[in-house]
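Visitor: Each chain, letter by letter, is given below.
There are 2 protein chains.
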Amino acid sequence: MQDSGDSTYVSNHTSDAVRATRFTNLPSISVESDEDLHAIITTTDNSNLLSSVRRRVQISTEKVQTGSLNVLSAKYESLDYDTCENHLLLDEERKKGYKFIVQKNIARWFTFLLIGMITALIACVIDISIEELSTIKYASLSKSVDKYVTQGRLHIPYALWTLYNVIPVLIGSILVAYVEPIAAGSGIPQVKCYLNGVKIPRVVRIKTLFVKSVGVICSVVGGLAGGKEGPMIHSGAVVAAGISQGKSSTFKKDFNIFRYFREDHEKRDFVSGGAAAGVSAAFGAPVGGVLFSLEEGTSFWNQSLTWKTFFASVVSTFTLNIVLSAYHGVPGNLSYPGLLNLGKFESFSYEIYELPIFLVMGAMGGLFGALWNHINYKITVFRMRYIRPRWMKVFEACIVATMTATAGFLMMFLIDNCKSSGVNPTKYPTQLYCPDGQYNALASIWFQTPEASVRSLFHDPPDTHNALSLTAFVITYFFLAAWTFGLASSNGLFIPTLLTGAAWGRLVSIGMHYVFPQTLVFPGKYALIGAAAQLGGVVRMTISLTVIIMETTGNITFALPLIITLIAAKWTGDFFNEGIYDTLIQLSGVPLLPWEPPPLVHNIYASEVMSHPVVTLKCVENVGHIVELLRLTTYNGFPVTEVTTYGRIRGLILRSQLIVILQKKIFNETSDDWENITASLFRNEYPRYPTIEQLSISEEEKTYSVDLRPFMNPSPYTVLHSSSLPRMFRLFRALGLRHLPIVNDSNEVIGMVTRKDLARYRVWRHQGRMGVEELLISKEL
Amino acid sequence: MQDSGDSTYVSNHTSDAVRATRFTNLPSISVESDEDLHAIITTTDNSNLLSSVRRRVQISTEKVQTGSLNVLSAKYESLDYDTCENHLLLDEERKKGYKFIVQKNIARWFTFLLIGMITALIACVIDISIEELSTIKYASLSKSVDKYVTQGRLHIPYALWTLYNVIPVLIGSILVAYVEPIAAGSGIPQVKCYLNGVKIPRVVRIKTLFVKSVGVICSVVGGLAGGKEGPMIHSGAVVAAGISQGKSSTFKKDFNIFRYFREDHEKRDFVSGGAAAGVSAAFGAPVGGVLFSLEEGTSFWNQSLTWKTFFASVVSTFTLNIVLSAYHGVPGNLSYPGLLNLGKFESFSYEIYELPIFLVMGAMGGLFGALWNHINYKITVFRMRYIRPRWMKVFEACIVATMTATAGFLMMFLIDNCKSSGVNPTKYPTQLYCPDGQYNALASIWFQTPEASVRSLFHDPPDTHNALSLTAFVITYFFLAAWTFGLASSNGLFIPTLLTGAAWGRLVSIGMHYVFPQTLVFPGKYALIGAAAQLGGVVRMTISLTVIIMETTGNITFALPLIITLIAAKWTGDFFNEGIYDTLIQLSGVPLLPWEPPPLVHNIYASEVMSHPVVTLKCVENVGHIVELLRLTTYNGFPVTEVTTYGRIRGLILRSQLIVILQKKIFNETSDDWENITASLFRNEYPRYPTIEQLSISEEEKTYSVDLRPFMNPSPYTVLHSSSLPRMFRLFRALGLRHLPIVNDSNEVIGMVTRKDLARYRVWRHQGRMGVEELLISKEL
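Here the protein sequences line up with chains A and B, keeping their order.
Under the numbering used here, the first residue of the first sequence carries the number 889, and numbering increases by one thereafter.
Under the numbering used here, the first residue of the second sequence carries the number 889, and numbering increases by one thereafter.
A couple of the hints might just be wrong.
Below, computed lysine-lysine pairings styled on DSBU-like, alpha-carbon distance capped at 35 Å [what the hints assert, rightly or not]:
no.	chain 1	residue 1	chain 2	residue 2
1	B	K1266	A	K987
2	A	K1552	A	K1413
3	B	K963	B	K1590
4	B	K984	B	K1087
5	A	K1266	B	K987
6	A	K1140	A	K1087
Some chain B residues well away from chain A (every beta-carbon gap over 12 Å; in silico) [what the hints assert, rightly or not]:
no.	residue
7	Y964
8	P1069
9	T1197
10	T1294
11	T1364
12	R1536
13	H1609
14	E1636
FYI, nobody ran anything at the bench for these hints, they're computed from the structure.
No residue lacks a Cβ here, since even glycine has one placed at the ideal position from N, Cα and C.
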């Protein structure tokens, strides 16, 4: 009875809603180089495939609409996180023994120490440069305004302001647009993808670090609505990747150290430490940094890695603190734990009746955040379509720089908001139209770095800012920030988002005071909640964001209001769209694996998901055949099967390993020097292997054979064709796999599942409804 | 060439040191019910086994020496963390759809809210009871001492003290020894094992919670050198397990809610939230709580679970804060975030030259901690051997209570340490032999709860305590605490350890002042570092401990000194022995899976590790055969193979599922009511299934057959016999498996690997040397 039931289950399980989405997006079947594939398949005797398989080729060549969020790009590859336990590795372990393990571990600690220190030093350089240049800029502007306002020639300071904005932004955007485009933006989406296990080209190179560092100085000094925190996280990741490898491909310099760290597994672990050190330097939040790298990157919780990551984070905060304290003339005082110092919130507490208010503010943040994300998404799509030449990108950045100056200038000029000096002693109070002894409160927000403005909004006494100027500021900055993020310049969105949120949070406190005049409303508290809500609504981070804000404000007891706010912001925002980082990642088609498999896909089986026919190699394989295979396909992993026609799986070999074998000419006929064939041979080439076209294999060599067994991974994880999608997903996610061979009942390879095959099933949530959609995979993106 | 090399690899890899340990501990092969097994095997046609397999039966009946750390007990079972995706589950999902998923998720949030609140309320009851009773006790003692000291009749207060100690301890230890022995100690090792995936009988029952709560009040009021923090963590875990199930087996009450949470996976997730809420309530450390439950329990980092755990932690701190603030007469002040309130360390900072001192203190803590662990281990082994009857356990607890009073009394009596009143205004300053206007500083440490004493040592001004009294106190308390931990009473070791450490930390500051008289040494800082070092040396926790101390002291900037201290303490301690929790776990033979596979075991293969012959079932199986199998074996999972003789794997079925099938009589011949056979049928019996002996199956029914396919897990994770130990280990650890069937080249089941087979390979580190040892598995433990 149950036997016949099986097929019913398969066809019935899909509820109608799911069905619709599951099949509307099916890619048109268009086969590229199908004949070539076929030729290969017949030579490898590998064609006994399951009859029940439904799709054949998953890569579509259909034209993809720009801005689609439902397409995965075919170009991204996964990291090899799963260790290849081949004979060479066993050999190495046997020879080197425990001593080597201990030595490697000490080297690892030392590397994490270096990562923490160097990340912090870079943060210091960036911070001090911004501080010095901004001081010059705003002092000169403030003086100029006060000088020319009496003469009625305000166009002069306006022109000056525009110039001061455009010049640095021009430099920064030229660097980004022409030298290293991947350095644009905050870098957090890229780091997130890398930690998720996706190779993003050039993301952890030294050149990227350089452009990012100079770029972020330029954009912040240029007054763009952006911050330096996101780029710091990216910098930390690059530092980690660079140091741990003990060589620089850019500078062609090999220090001959840390050779044993030259593999994807080790490198990714270091990068997660570097990202944490970056967060720690940016916000003075070592615990938040660890949680950030866990939340964004980790699949398998690894105690010893987390402990080392924490160490790097603490070292990073400490180093930054030492240097910045000395720079600010109070060496040893250690009061500068992070770049973003929001000031201590030690004194204030909250009442229980305020919790519902925080909840509502959280929901507002979610709403505003979703709107912001939508606007930014639309702008980004517009850019992808029309702003494609480099000069246009630079030009756009300059326009935004001009607009920023203009908006600020108009606000100061039109809105009268005078406060008596001394109440809020900013560094350069600007008088503008105010009577003597007073200063323009709006100018004080505009004539300083955004960080300082956030601090002002958090700590300025009540009545510093009036409702009109705050409203104008919120609206202006909201749109400016949405326009700025995604420009060809290196800047993050934490600070502008916090600033927008802090401003409307203060507005809420003014409203509260209006409704309940008798209660004492401390505006800084509402500014903090507003800032958290807005940021939560935009980025949708959860635990790490809470802890980062707690650490930045130095207030542990404020956990409950923050968590309530952030939960409300996340839920409200998720009702409308995804967080901005996820939207950007989806736009670029990166096959990110989410935390959990989508719900209700237990009825999708490996046989439906897998790529096939699969191209396999024999244990002892002809060299010519390998060369041909590598030339004709783009696959990065090949199952190795036994010599018989059955094709039972014996192992898995990577393209990079085959390349090295061919390059070093380790053929059965020529090579008998097994002493020198070690695992380090393979590490030396890491991470930039030559392509197959770069190798010269003579015709005679093509008749040779190569024994793949010492090199292949002899026991790759495999699953049966009847395994469900969630089971494959968990295996992939938890173990960081790159290739998962699918076998039939007799252990013969019949297909291959890679990251894209799993990432393409995605849950969508829209206005309360849910479903699972199947994404297109495209080569166009 | 490589083909013949394979066997060479296997035999050559093991370095001599490893070899020795690998084979000296091999269990003597003694087969229990071998004939029965054989009978089963022949009927199931399942005997084509690999010839290369080396061992046959892994359970030894050899007499195990008490106190051995190299034995795993055969009695512990794993949790079923891997979801069984059988047809019933798919059916349920299809019927209920997304709405059910959303509903389940809301119920989950609500449950975490309840867990946080109820854990905190229990903490409040415990705390207030202890506070009230201790106040009465110590006020009366202090008065009595001051009354009788002038009359020279100090034996009266001594007798009184002894009585006040012995009576509560007697009550507590009778409860623990006679009612629920698992409630002894801190409960952290048990919770750790549970979170690691091991079923510890009775550990999350309501009776345990009751005994634990009353027991901890008794032991703290009784003046034992123990704290209430560990038990709070255990309480949180029990609360979580209780609430999430919506029923109580103890009270035979089913609330008919949360039925869908009745499985091991959900329950374990809730327990990890409960443990975090417990930490949060105990220390006012919500972030530390989350990190504790991650560090102790998680294998796969799950963002949404972590976020909910954090929520429960924050709610827990908040609730505790509200209630305790109200109790202390400052409602709404929210200044009591945790039970352990070490006072704020806001004002002080550290100098860079102090870091090496902290490093040395960390190493000292590691040394003292290792010594403490060794002493406690010896005492525990002594107890296991000789203090077995319940009355002796109660008697021992009373002796310790008496000794505590005696030690305190002697110290006050013999050591003269008078301070003028007003410098340190304790609640009831005891004058003793001091002149008028002064009080005895030692009495002030003894005549209060240990928490209050820790606070005194952290915050008392310099010169409050002299070197002699501190030395005497450290030595006395060190040994008292080692004797107390492991008694038949509910108490933890955090507080006594912190107290010992704080005392020697203060000693260090006195020494520093003596060596460098010109520098200003703030003793509280050294007390804190000493406390952290001692605690780190005893428990060897890393990141969670750092964060807990940071949160408890309210000082985020103190991260670097703490992390340096704890790293030094851990490394020094690990040189000598394991942390106390791990030692206790090893003593009880729980097969805990560590974070990572031991190094250098890539040459141990599945075929060596697995249990075999394996007992399998056919897809459609005879009822009588199933009954027979369940009676004769103790296995908890059976691979299901196809009907042919080959035995290709088709699925995996659990003993509990078979029991339910037999109980509900779901036989092919009788049952056609498939509408009512749903997944909930299986959940209803959870977690206490009847034994096979409790079921009555008639002789006629035994001739019936049952189709296992709708119930079994149709695609269990399997690996080839040639997989290495680390690969199986990672699969097990990351996915929380209970059974891992081992297949041969044709996908036929040839063995089974369970937790014990992997946990028995353990790395040992001793005085700088490392190796891998193979543990014995025994039924005796």
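Visitor: Hints numbered earlier in the text: which of these fail when held up against the supplied structure?
Guide: Violated hints (numbers, rising): 2, 9, 12, 13, 14; every other hint is consistent with the structure.
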